[in-house]
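Novice: In order, the protein sequences belong to chains W and R.
Going by our numbering, the first sequence opens with residue 8, and the numbers climb by one from there.
Going by our numbering, the second sequence opens with residue 8, and the numbers climb by one from there.
Please note that a few of the clues may not be correct.
Copies of the same chain look alike in the list, so a pair counts if it fits in one copy or across any two.
[To be verified] As a list, the in silico DSSO-like pairs of lysine-lysine whose alpha-carbon atoms are at most 30 Å apart:
1) Lys238 x Lys94
2) Lys73 x Lys112
3) Lys99 x Lys138
4) Lys181 x Lys238
5) Lys73 x Lys201
6) Lys238 x Lys265
7) Lys99 x Lys181
8) Lys78 x Lys265
9) Lys31 x Lys201
10) Lys265 x Lys94
Honestly, the hints are just simulated from the structure, not real lab data.
2 protein chains.
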Amino acid sequence: MRILALGVAMLIGVHAANAAVRTKVVEYRQGNTALEGYLAWDDAVQGQRPGVLVVHEWTGLGEYAKARARKLAEMGYVAFAVDIYGKGIRPKTPEEAATQSGIYKKDRRLMRARVQAGLDVLRGNPMCDRKRVAAIGYCFGGTCVLELARSGADIAGVVSFHGGLDTPTSAEAKNIRCKVLVLHGGDDPHVPRKDVDAFEDEMRAAGVDWQLVIYGGAVHGFTNPASGHDKSRGVAYDAQADRRSWEAMKAFFAEVLK
Amino acid sequence: MRILALGVAMLIGVHAANAAVRTKVVEYRQGNTALEGYLAWDDAVQGQRPGVLVVHEWTGLGEYAKARARKLAEMGYVAFAVDIYGKGIRPKTPEEAATQSGIYKKDRRLMRARVQAGLDVLRGNPMCDRKRVAAIGYCFGGTCVLELARSGADIAGVVSFHGGLDTPTSAEAKNIRCKVLVLHGGDDPHVPRKDVDAFEDEMRAAGVDWQLVIYGGAVHGFTNPASGHDKSRGVAYDAQADRRSWEAMKAFFAEVLK
């Protein structure tokens with residue numbers, strides 16, 4: 008077993024050493040709105056590869072989502088960190104973030120259109136294998152990728168990290184064609200048990216292929232070191248839940264993007 | 008990525024080809040009761056290795072738990088499939104299984120003593136690295152390994168596959184020293200939401216390192232092909248949930264038995 012583990016580690020090491028991650032800012036539009044996303048890929052990978060859409064937190068597209076995109080690129084995917092809010096709209100305060108995210112939470116049609124616009128960019132990239140695409144999202148972005156699923160998007164899977172699970176149109180879960188993985192903090196005060204229960208019932212009623220992982224002790228924002236370490240605030244980083252949830256995503260991708 | 012995956016597969020293939028799984032029946036005792044377990048290991052592995060205890064379903068120690076033990080041996084562990092009921096007590100009907108499992112469900116002290124006796128056999132084996140031991144259990148066996156955790160056993164982790172989560176002594180969760188992973192079918196009628204909620208509350212109140220994975224669409228007994236395929240009966244095999252839950256266990260072991 009140790010020999011095996013060492014062998015795997017060496018292979019991964021070799022791959023990482025050869026990785027040549029490149030990034031670029033991509034301007035695109037949804038309707039009349041200018042958007043500015045961030046593409047990441049590994050130049051050492053030849054030809055088409057699976058694509059992963061990354062949807063940002065309520066603070067808008069920033070360094071956090073970009074870092075996740077680069078990490079996915081290192082793993083061999085072509086990743087596109089979308090911009091839901093619009094070029095230059097990058098909330099600086101919680102109030103601004105609440106205002107911006109509130110626009111899309113209240114208008115799920117617009118939310119879906121914005122995620123879809125990003126998906127179109129990713130799919131349109133020649134490096135992307137259009138048939139092997141998944142979407143992940145953090146907090147607000149988790150809500151976005153679940154709405155993408157409810158829109159009936161023809162993708163392989165969506166992953167929500169500490170995302171909001173509520174929707175005003177739960178009956179639309181019947182449109183879901185992809186696999187759904189929800190990674191949730193067991194002590195997340197922003198996504199209470201009633202929301203989790205309602206989500207399970209929604210998935211169940213629609214016969215979706217869904218999985219829910221609850222990380223005991225984790226609160227909202229558990230994957231982002233910028234969340235700090237004070238769990239009593241209801242938002243805090245949890246290194247263990249971060250690592251475990253990333254591994255769960257990798258196992259999910261190994262299944263749906265193979 | 009494909010090269011990496013191929014490399015990993017080759018290594019695993021090489022390992023499997025070299026695997027020389029051996030098994031033996033082990034007679035042991037708990038108090039005055041004779042028990043008969045089943046040890047599995049790989050002769051190709053040198054020296055001490057992590058140990059995994061396997062606790063059977065309500066039908067008692069049979070081919071299913073033994074097959075899981077052999078699979079764990081192929082992975083490099085030394086595995087011991089315990090006997091909770093006693094030598095020769097192997098229920099043939101659901102009624103007999105209910106009677107036997109009922110004895111231990113009603114007497115959790117005895118249940119814990121029987122699991123502990125198996126753990127002692129595993130730990131006492133010279134191949135076993137005493138500091139790296141985990142326990143897994145199926146259905147009734149899931150209940151058993153959770154009780155082992157509640158007894159304060161000094162092991163690295165327990166994994167319950169579609170196990171019963173209720174306990175008459177939830178306050179004893181404060182004794183738990185190991186990590187806990189519960190793999191649960193989202194439509195399991197034998198472990199209803201109220202039990203899952205109570206379990207979460209129990210773990211939360213005790214500050215346990217716990218994780219719960221819910222597999223949408225899976226019912227009771229989802230890992231055992233012998234459960235059949237009629238989900239309307241509330242017990243059925245689910246190949247996808249079987250595979251996913253085994254992978255979740257492997258990821259957990261990679262963390263707790265490293």
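Novice: Would you list, in rising numerical order, the hints stated earlier that this structure does not obey?
Specialist: Violated: hints 1, 3, 5, 7, 9 and 10.
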